[in-house]
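Visitor: Sequence:
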Amino acid sequence: FMSIVNKAYFSGGCFWCTEAIYKRLKGVLDVKPGYCGGNIQNPTYKEVCTGRTGHAETVEITYDTTIINFQLLLKVFFDTHDPTTLNRQGNDVGTHYRSIAFYSNLTEKEMIINYIDLLDGSSLFKDKIVTEVIKFNKFYKAENYHENYYELNKNQPYCNIVITPKVEKFQKNYKDKLV
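No gaps in the numbering here: position 32 of the sequence shown is 32 in this note's numbering, and each next residue is one more.
Misleading hints may appear alongside valid ones.
What the hints assert, rightly or not - Quick list of simulated restraints, FRET-style, between CB atoms:
#: 1; residue 1: Arg88; residue 2: Asp117; range: 20 to 26 Å
#: 2; residue 1: Leu72; residue 2: Gly121; range: 17 to 23 Å
#: 3; residue 1: Ile4; residue 2: Asn160; range: 36 to 42 Å
#: 4; residue 1: Lys169; residue 2: Asn148; range: 31 to 37 Å
#: 5; residue 1: Glu168; residue 2: Leu106; range: 21 to 27 Å
#: 6; residue 1: Asn39; residue 2: Glu151; range: 28 to 34 Å
#: 7; residue 1: Asn148; residue 2: Gly54; range: 23 to 29 Å
#: 8; residue 1: Arg52; residue 2: Asp176; range: 41 to 47 Å
#: 9; residue 1: Asp176; residue 2: Ile4; range: 20 to 26 Å
#: 10; residue 1: Thr66; residue 2: Pro165; range: 28 to 34 Å
#: 11; residue 1: Asp30; residue 2: Asn153; range: 18 to 24 Å
By construction, these hints were calculated from the structure, which means they are not laboratory data. A virtual CB, placed ideally from N, CA and C, is assigned to each residue, including glycine.
Let the hints inform the model, and build the full structure from the sequences given.
Guide: Next up, the structure:
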């Protein structure tokens, strides 16, 4: 019995938040913060934060398809950020915080589009979803100090105020899917 490893890429605001959430899911083998969707090579955090690189803060999720599937990763993505706010998540504002679901093949693209249509047709969000659906090109790993940021800096005000409530809500809603 072999595990089949795949990767998924999502931008849902601050990558410290998205990393902290996906790390807790059963079947997720690794989560790396980084940059995707832009037009310069090897961007730095400082450059991405200017909003001029076109990149968004993104997580690279390595997962075991025999334990978790792309559809569940997608559901978690839409459940744990606000896909209706353009270029912002809460107080984090800028194009580098925009909502993007990257696809690596046509099946993933179809799944993303169908899921957005489903959500737009439901009453879950009062505004229309503005998540971009973009073909995955290249992922640039963020500087090392961003990795596992939440776990290493839980007492920081940003982590306390923004990430902890998100993680707690997620853990409550996904009890049966946690590590």
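Visitor: Hint by hint, which ones does this structure get wrong, listed from lowest number up?
Guide: Those not satisfied are hints 4, 5.
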